[in-house]
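Got chain A; can you put chain B on it based on the hints?
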Amino acid sequence: MTSAILPIDHKRRRTVFTAEGLALTFVLASRGARFGAFVLDYIFLMVSAIAVTLLFVWLAGGVGALDGPGGSGAGEFLMIAWTLFWFISWNGYFMAFEMSPRGATLGKRIVGIRVAARPVSGEGAARLTAEAVISRNLLRDVEFFLPLVLLVVAPSGEAGSAGMAGAAWFLVFALFPFFNRDALRAGDIVAGTWVVEAPKVKLATALAPHPPAASPDLAAATYRFSDAELAVYGEHELQTLERVLRENGQESMIAVHEAICRKIGWNPGRGDERAFLAAYYVQLRSRLEGGLRFGRRKADKFSP
Amino acid sequence: MTQVQGAIEAAALRSDRFRLAREDDWKRLDSIVSRLESGRLRKLSDDDVLALPALYRTAASSLAVARETSLDAATIAYLEALVRRAWFQVYGPRQGFARWFAQFLGGGLSRAVRSIWPDILIALAVMVAGAIAGWMLVAQDQEWYWSLVPSQFADTRVPGASRDVLLQALGTEDSAAGLSGFAAHLFQNNAGVSILAFALGFAFGIPTLLLLLKEMATLGAMMWLFASQGLAFEFSAWLAVHGTTELFAILLAGAAGVHVGRAMAFPGERAVLSAAAAAGRRAATVMAGVVLMLIFAALLEAFPRQLVSGAWDRMLIGSAMLALWLAYFFAFRRNTQGAPA
Numbered sequence: 001m002t003s004a005i006l007p008i009d010h011k012r013r014r015t016v017f018t019a020e021g022l023a024l025t026f027v028l029a030s031r032g033a034r035f036g037a038f039v040l041d042y043i044f045l046m047v048s049a050i051a052v053t054l055l056f057v058w059l060a061g062g063v064g065a066l067d068g069p070g071g072s073g074a075g076e077f078l079m080i081a082w083t084l085f086w087f088i089s090w091n092g093y094f095m096a097f098e099m100s101p102r103g104a105t106l107g108k109r110i111v112g113i114r115v116a117a118r119p120v121s122g123e124g125a126a127r128l129t130a131e132a133v134i135s136r137n138l139l140r141d142v143e144f145f146l147p148l149v150l151l152v153v154a155p156s157g158e159a160g161s162a163g164m165a166g167a168a169w170f171l172v173f174a175l176f177p178f179f180n181r182d183a184l185r186a187g188d189i190v191a192g193t194w195v196v197e198a199p200k201v202k203l204a205t206a207l208a209p210h211p212p213a214a215s216p217d218l219a220a221a222t223y224r225f226s227d228a229e230l231a232v233y234g235e236h237e238l239q240t241l242e243r244v245l246r247e248n249g250q251e252s253m254i255a256v257h258e259a260i261c262r263k264i265g266w267n268p269g270r271g272d273e274r275a276f277l278a279a280y281y282v283q284l285r286s287r288l289e290g291g292l293r294f295g296r297r298k299a300d301k302f303s304p
Numbered sequence: 001m002t003q004v005q006g007a008i009e010a011a012a013l014r015s016d017r018f019r020l021a022r023e024d025d026w027k028r029l030d031s032i033v034s035r036l037e038s039g040r041l042r043k044l045s046d047d048d049v050l051a052l053p054a055l056y057r058t059a060a061s062s063l064a065v066a067r068e069t070s071l072d073a074a075t076i077a078y079l080e081a082l083v084r085r086a087w088f089q090v091y092g093p094r095q096g097f098a099r100w101f102a103q104f105l106g107g108g109l110s111r112a113v114r115s116i117w118p119d120i121l122i123a124l125a126v127m128v129a130g131a132i133a134g135w136m137l138v139a140q141d142q143e144w145y146w147s148l149v150p151s152q153f154a155d156t157r158v159p160g161a162s163r164d165v166l167l168q169a170l171g172t173e174d175s176a177a178g179l180s181g182f183a184a185h186l187f188q189n190n191a192g193v194s195i196l197a198f199a200l201g202f203a204f205g206i207p208t209l210l211l212l213l214k215e216m217a218t219l220g221a222m223m224w225l226f227a228s229q230g231l232a233f234e235f236s237a238w239l240a241v242h243g244t245t246e247l248f249a250i251l252l253a254g255a256a257g258v259h260v261g262r263a264m265a266f267p268g269e270r271a272v273l274s275a276a277a278a279a280g281r282r283a284a285t286v287m288a289g290v291v292l293m294l295i296f297a298a299l300l301e302a303f304p305r306q307l308v309s310g311a312w313d314r315m316l317i318g319s320a321m322l323a324l325w326l327a328y329f330f331a332f333r334r335n336t337q338g339a340p341a
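Protein chains in written order, with UniProt numbering: chain A, 1 to 304; chain B, 1 to 341.
Bear in mind the hints are in silico, worked out from the structure with no lab data behind them. It is possible that some hints are incorrect.
Here are the simulated DSBU-like pairs of lysine-lysine, each with C-alpha atoms no more than 35 Å apart in a straight line [as the list claims (entries may be wrong)]: (1) A:Lys298 with A:Lys202; (2) B:Lys27 with A:Lys200; (3) A:Lys200 with A:Lys11; (4) A:Lys202 with B:Lys214; (5) A:Lys202 with B:Lys27; (6) A:Lys298 with B:Lys27; (7) A:Lys202 with A:Lys11; (8) A:Lys11 with A:Lys301; (9) B:Lys27 with A:Lys11; (10) A:Lys202 with A:Lys301; (11) B:Lys27 with B:Lys43; (12) A:Lys301 with A:Lys263; (13) A:Lys11 with A:Lys298; (14) A:Lys200 with B:Lys43; (15) A:Lys301 with A:Lys200; (16) A:Lys298 with A:Lys263; (17) A:Lys298 with A:Lys200; (18) A:Lys202 with A:Lys263.
So that you can see chain A by itself, here it is in the shape it has in the complex:
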């Protein structure tokens, strides 16, 4: 489960308008996450393929004993089944998983990303189609495995200049995601897809106290801050404070408590940090949200 507050790289945020005119925020998956998912998926694929292959070998051993020398129908059937199994799993694994409602392979699910349709410029968000999934996965071999084979062959000198061509080819495809804003690989371009973060976020408990009767422990009444004392901080600091309160670590609370006291000129006491911070959080948020209603935003402590 991902923590509720994710520090998100703003360069990766994309706003897309849906049919209802709602602005959906997509966060592009990082290249590292995608590579991790790719490696995981091939580990899964390889481990299960090898397990099934061993099963086939084991079966073939039994069949061989039954049929005697000279080959047989059963052995041939096993061979065909194995060939088809290999073809279907190699090509079908990604397609089947990405066509499912979650739009992600096992590896992608683990790192919390999914495939989505890239919105056409000027139009709204689009739905992911089966054709797009097929298309993006058909390019996979050319993008990675074919160049890899060429790269492995190249140093032997057997392929000569073809090996060099393979290396150049490999670079073009493998580095493709680094040469465009949306980190698209060749398959994404041809299919009109992109890969976005798909975290499952749990609803965190409300931090601000409800009427004092409901939560007497957060003694909002004990600490009262003047307007000037609240005016020193903005939304950024509020979010930091929120994170500190949610993480509930003693050391960081003491540090933040001290920092705030120094800033507003109070004499920091000891032992009541959480109550102090909770009170400050509620009153600061109330003040800033009040400003929002009048169209005033204070991004951080440096803004006026």
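Positioned in the frame of chain A, the structure of chain B alone reads:
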């Protein structure tokens, strides 16, 4: 004093009251979406299915309001993730694989093939040129045969071989044993070549054309070899059984690659990215058809070709398959433009 306190409390609570009032709806949406995501459709009650669009809109408007009025980062992060997940389910691909496949066979495939007809003509021209070039090169200098035809094929079928030896290479097997394994192998091999032809289209289609040229030059060279011993018809018939299907499939795969490459090189008025994406999806439909055709081709290659011996019979099977594909792709027009009923 109490007045100030009351004001603070009221203000502090406003965004939280908003949240508390809607929290249950969000959580219900969350659980419906979770069940949809895991594919447990049957566990969804009718009430939940009916409620989904309304709950989605509620959550979406909650998010819009929260963005403007609330500074509760955790709640906004939760809502953004929830609305995005719900959007994927509400607007996700509702059709399962079976539905997609029925639509694909019942018009989707033939429509996609018709829509890339200029690319089919380009690929066809290149393939014909390749075959002619292969023939001409070998006719002028037999040494070319060795560079054009991969050595694994050049068992007995080499320049200078007698007519009998060549004829024997076109012979039949006595029984079907071993043939289905051969078919599976052929299928995998040809599917690989076709996927490659398509994928190479990404580089503006040029490598695709080169690949087609090379494959067909091999065929042209072999054609010359058999023709030089007066076996042109026998060879064509031998090839036609599966060749009309297989070469058609490779033609379509090449055309799909060219289609993508052409869209990227000449996007027209659209942006390169959207042109490439539209072309890629159309081509993907064609590619799914190519894989199906290759399954047919492998079966034809393994059984009828090896078991049916008469040249005329072979020719008949090959022509019938060709006529069938042509009819399916170009004469079969069911209007499935809109969503199926």
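Structure-based check of each hint:
Note on Lys298 (chain A) and Lys202 (chain A): the hinted pairing holds, with a Cα-Cα distance of about 28 Å set against a maximum of 35 Å. At roughly 13 Å between alpha-carbon atoms, Lys27 (chain B) and Lys200 (chain A) fall within 35 Å of each other, so this suggested pair holds. Of the pairs offered as hints, the one joining Lys200 (chain A) and Lys11 (chain A) holds, with about 21 Å between alpha carbons and a cut-off of 35 Å not exceeded. Taken as a hint, the Lys202 (chain A) and Lys214 (chain B) pair is broken in the structure, with Cα atoms around 57 Å apart against an allowance of 35 Å.
Only pairs whose Cα atoms come within 35 Å are accepted, and Lys202 (chain A) paired with Lys27 (chain B) is accepted, the gap being roughly 10 Å. For the suggested pair Lys298 (chain A) and Lys27 (chain B), the alpha carbons sit about 31 Å apart, so the restraint of at most 35 Å is met. Between Lys202 (chain A) and Lys11 (chain A) the CA atoms are separated by roughly 24 Å; this keeps the pair inside 35 Å, and the hint holds. Distance hint between Lys11 (chain A) and Lys301 (chain A) is fulfilled; the C-alpha atoms sit about 23 Å from each other, no more than 35 Å.
Between Lys27 (chain B) and Lys11 (chain A), the direct Cα distance comes to roughly 30 Å. Compliance with the 35 Å bound is thereby established for this hinted pair. Taking the CA atoms of Lys202 (chain A) and Lys301 (chain A), the gap is about 29 Å. The hint holds against a cut of 35 Å. Under the criterion of a C-alpha separation no larger than 35 Å, the hint pairing Lys27 (chain B) with Lys43 (chain B) is consistent with the structure, at around 17 Å. For the proposed pair Lys301 (chain A) and Lys263 (chain A), the alpha carbon gap of about 11 Å is at most 35 Å, so the pair holds.
Taken as a hint, the Lys11 (chain A) and Lys298 (chain A) pair is honoured in the structure, with Cα atoms around 21 Å apart against an allowance of 35 Å. A distance of roughly 20 Å separates the Cα atoms of Lys200 (chain A) and Lys43 (chain B); the hinted pair therefore holds under the 35 Å criterion. Only pairs whose Cα atoms come within 35 Å are accepted, and Lys301 (chain A) paired with Lys200 (chain A) is accepted, the gap being roughly 32 Å. The suggested pairing of Lys298 (chain A) with Lys263 (chain A) holds, with an alpha-carbon distance near 17 Å, which does not exceed 35 Å.
Distance check on the hinted pair: Lys298 (chain A) and Lys200 (chain A) sit about 30 Å apart at the alpha-carbon level, within 35 Å; holds. The hinted pair formed by Lys202 (chain A) and Lys263 (chain A) meets the criterion: a straight-line CA distance of about 34 Å does not exceed 35 Å.
Hint 4 from the earlier list is the only one contradicted by this structure; the remaining hints agree with it.
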